[in-house]
Amino acid sequence: MTARTQVEDTLRRIEELVQGLDRVKDPAARQAAQQLFAAVLDLHGLALAKITARLVADPQGRDLYQDMGADEQIRAVLLLYGLHPDSAEERIRAAIAPLEARFNVRLHVSSVSEGIARVTMDPGVGDFDSLCPEIGRVLLDAAPDLDDIAIDREVAAGVTMTAPPRAAAAG
Amino acid sequence: MHVGLQTTDGMRAVFALRRFVYPPAERCELCRARLASQHSHLLETRVGQVRCACGACSERYGTPEEGFLPVNSRKDKLTDFALSDGQWDAFQIPIDLAFLVRRSDGLVALYPGPAGIIQAETNREAWTDLTEANPLLRDLAPEVEALAINRVHGRRDAWRLSIDHCFSLAGTLRKEWHGLSGGPKVWEEIEHYFDRDEALHA
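Residue numbers (my numbering), protein chains in the order written: chain H, 518 to 688; chain W, 5 to 206.
The reader is advised that the hints may include incorrect statements.
[As the list claims (entries may be wrong)] Derived pair list, reagent style EDC-like, types lysine to aspartate or glutamate, alpha-carbon separation capped at 16 Å:
#, chain 1, residue 1, chain 2, residue 2
1, W, K179, H, D539
2, H, K542, W, D89
3, W, K189, H, D543
Keep in mind that the hints were calculated from the coordinates and are not lab data.
Since the structure is predicted, the reported quantities are computational estimates derived from the model, not experimental observations.
Given only the sequences and the hints, what does the whole structure look like? Please build it.
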């Protein structure tokens, strides 16, 4: 078994287990699981934050930290703890150009704040509503530490239609 | 538009786990702004769904032309309500808990059940008779308010419920339903829902 498969298997397993916890009806049991996770993540997160702080204090360490963000397994952990060397906005912006080429659309990052990335799309000849889910998935994959992605439609150059009700209904 | 909450395979676990451990604040379902625990609701008439909304979107989109109607949350017990068994039978409603809603094109009965809400047209003459006996029914806001009748376990209660309360109650019933008849727990939950006073948040 390659390391890559192991990472993927582990991530898939975690996802299934979280889905299982989401289905638990007993609020006390859910809350206990949530609190246990939060405590463990706090413990690890503080230790990892100290490690990264030491790394970035040193020029060589800074390069090392940056490189580690590219390793799939380390990337998953850094994203989980909110410690990825690139900010969510940088990762979203980096994901834009390949998406524009792949789907033949124009994308503009309006803002990344309060846990949400807002992106404006000019779909060109494509269909806005059918492009949105795929583009949203790729963007959230780049920044799973956000809690939402909103894609607004550019109706004319520089004019954005924010949250057209019909689009909200489809979402 | 809000694009749903799925990522590609790789980082879905990270997203799911973070969401479980740190549940995000609710967002406006129209513009995705973060919401306070007390916020407005809009009924999206085309799909019959209640959407959580921020004040600005409520103001901007809460009109029939935009396809949304403002929902003013309320849960009022109608203490002097007159509904005889004969009047109830005239509606030909097959279960003990139902919501009656006035619409522009008539009157519908909503039946909450294990598969969600089933909607059926019901007897308009029976409604006219009932309105004569209970003039306050004329005040029910079309589409967004219901006359809720609870005859579970021998009760004979009538409520004026906003549609968000109806959907929330239907959700409780669906979640707690077990077996063919629902099981004892579900009916306890329904009674508890009607008995408690606190406001509905979501």
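- Task: Take a quick look at whether W:K179 and H:D539 sit within 16 Å of each other, Cα to Cα.
- Result: holds, 13 Å
- Task: Sort out whether H:D543 lies within 16 Å of W:K189, counting only the CA atoms.
- Result: holds, 13 Å
- Task: Take the C-alpha atoms of H:K542 and W:D89, compute the straight-line distance between them, and say whether it is at most 16 Å.
- Result: Distance of about 37 Å is beyond 16 Å: violated.
Checked against the numbered hints given earlier, this structure breaks only hint 2.
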